[in-house]
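Asker: Here is what each chain is made of, one letter per residue.
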Amino acid sequence: MKTITLTHSGSYTYTLSQAGSELAVIGRFWLKGQDQLDLHLTIIHAAPRTSATTSLKAVVAGRGVVNFNGTIIVKPGASQTNSFLEERVLLLSEKARANAIPNLEIMSADVKCSHAAAIGQIDADQLFYLMSRGLSRPRATHLLAQGFLDT
Amino acid sequence: MSRFAPKHTTRQDLQPQTYEHGYSSPTTNYAFISQPGLSSKVVEAISAYKTEPPWLRHSRLAAYKLFTAKPIPTWGGDLSQIDYDAIHYYLKPTAAETKSWAEVPPEIKITFDRLGIPQAERAVLAGVKAQYDSEVIYGSIKKMLSDQGVIFISTDEAVKKYPDLFKQYFGTLIPAGDNKFAALNTAVWSGGSFVYVPAGVTVTLPLQAYFRINAPQAGQFERTLIIAEAGSQVHYVEGCTAPAFSSASLHSAVVEIFVGPGARVQYTTIQNWYKTVYNLVTKRARVETEGEMIWTDFNMGSKLSMKYPGYILAGKGARGETLSLALAGPDQHQDTGSKAVHLAPYTTSTIISKSISKGGGRTSYRGLVNIGPQAHHSKSKVVCDALLLDELSRSDTYPTNRIFNHQVSLEHEATVSKIGAEQLFYLMSRGLTEEAASKLIVSGFVAPLVKKLPLEYAVEMNRLIDLEMEGSIG
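These protein sequences, in sequence, are chains A and B.
Residue numbers 0 to 150, in numbering that gives the first Met the number 0, belong to the letters of the first sequence in order.
Residue numbers 0 to 473, in numbering that gives the first Met the number 0, belong to the letters of the second sequence in order.
No lab work stands behind these hints: they were computed from the structure.
Predicted model, so just to flag it, every value in this text is computed and none were measured.
With the Cβ distance kept under 10 Å, some of the chain B side facing chain A (calculated, not the full set):
# : residue
1 : 388
2 : 394
3 : 412
4 : 417
Quick list of in silico lysine-lysine cross-link-like pairs, DSBU-like style, CA-CA up to 35 Å:
#  : chain 1 : residue 1 : chain 2 : residue 2
5  : B       : 160       : B       : 40
6  : B       : 142       : B       : 108
7  : B       : 417       : A       : 74
8  : B       : 302       : A       : 74
9  : A       : 94        : B       : 378
10 : A       : 31        : B       : 378
11 : B       : 69        : B       : 49
12 : B       : 378       : A       : 111
13 : B       : 69        : A       : 74
14 : A       : 31        : A       : 94
15 : B       : 417       : A       : 1
16 : A       : 111       : B       : 380
Cβ atoms here follow ideal geometry from the backbone N, Cα and C, with glycine treated the same way.
Working from the sequences, and respecting the hints, build out all of it.
Answerer: What follows is the structure, given as structure tokens:
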């Protein structure tokens, strides 16, 4: 299985044109200050029995802005395709912004495709637990955000 | 009783005569039919024919200018085949709306009798509007409700009877410039329902509007306004059918709903137009503090539907819910979804969309969740499930999520799959035929949505889905 790690903004297109090929795309981002991230990602399944997992995660602090725009396209004839796309964003500050657009275009029947998008904040219970163990709020927040990106 | 026309699509070459409500009546007795095509003259003629106040005529003319100025949308479905010059924009079947079923002209009466409207009215409805081409030809409401101050009349009647109320709300939620088809509707609108529920009144039985296109190359542009005052409740149901003509018809409605504080409005659509009808509809609700708006949107008919019922959650704690079901057969494209705009804190939205594509049909979910800077502690959940029944069909999901606040929770999930081989095998090992097993799986797939309908509609809906599925699986 081929693994691709994304580190910068940009438009990326990956085509699975060989039957049975597998692909994993991973993007992990931490935005601070005025950082802006624009990621356009297209995964095209053009051959049968191909599978792909795409996982994009971002922690946004300060005035950071994240734009995730991911698309899975399954071409006609690309049967028995498996594809999963996730876009998860953790917002740490009031001025942080997030846009998540996960698209699917499925033109073949025998497929299993799904996507998930979630935008949220640090879980209050988890934060409380760590702080009760003596960690400062910034330290606890940092630890939880780090954990979010590591999984 | 069958108000919603079942379509047998047992073969790939869909036969028009199997659409149960494909019949039509002659248009020779119509009171007025506008020439095909649209110009400012046609717009003025409609306004003059309806003897409208000058402000409304100006609003129509301004909207017509916007319509001609706006480009045809290039996203969504294919709109290039609509011939705007071939469409009759105004067709008036009778001289006036009647309150008594006996006074409805016989050929129209036959149509609605065949659709089961009068029986349904007696049995399960609080009020009925029947719109035939451009005009509402029949209307009734139970006396108990009108005594409580509930208004349920055609929108044209509202212009005359309640001019202030009408002017206060008309076009404030969906202005003419909202999109090309909202502009078209504002220019040539006719008919539709005007519902007003006073504060604290609960309308227990549904109000039903029935929309029927009868003439070929007709345009139907109804305009519906629903105003639910504080603490009131109402459920409005609309059904749509059209004859089996080979020429295209255009249906472009605008629906504006105002949900007062603590009020609850449910709007159910069962759209079963014939498969030559373009269905381009704009629907939006504004929900005040602790109010609740529920869209139940079932799309089975039409050639192309582009419809994204939305809500603006403007008051603290307002809720919005959309349940959307789309079925696309051969040559059909259902481009549907929902828009949730959160403006106030503690607002919640839930969008559940299920779609089934078969025989080369295409379903698309297109949605928007926008959580504004003031909408802290808001929650949104979007679930889209699509079932693809064969290699020819297509399913898309285009969700857009815009978040301008960090104290929110947003979830979006979508899956696309076919009928599971294991599920099928299990049921068949229990003695079901493949077709029966597939039908069972499909009904299970749509069950969570159908359950939300009033019982009588749910039974009808299940029967319809069964018919749609006949012979199409395997």
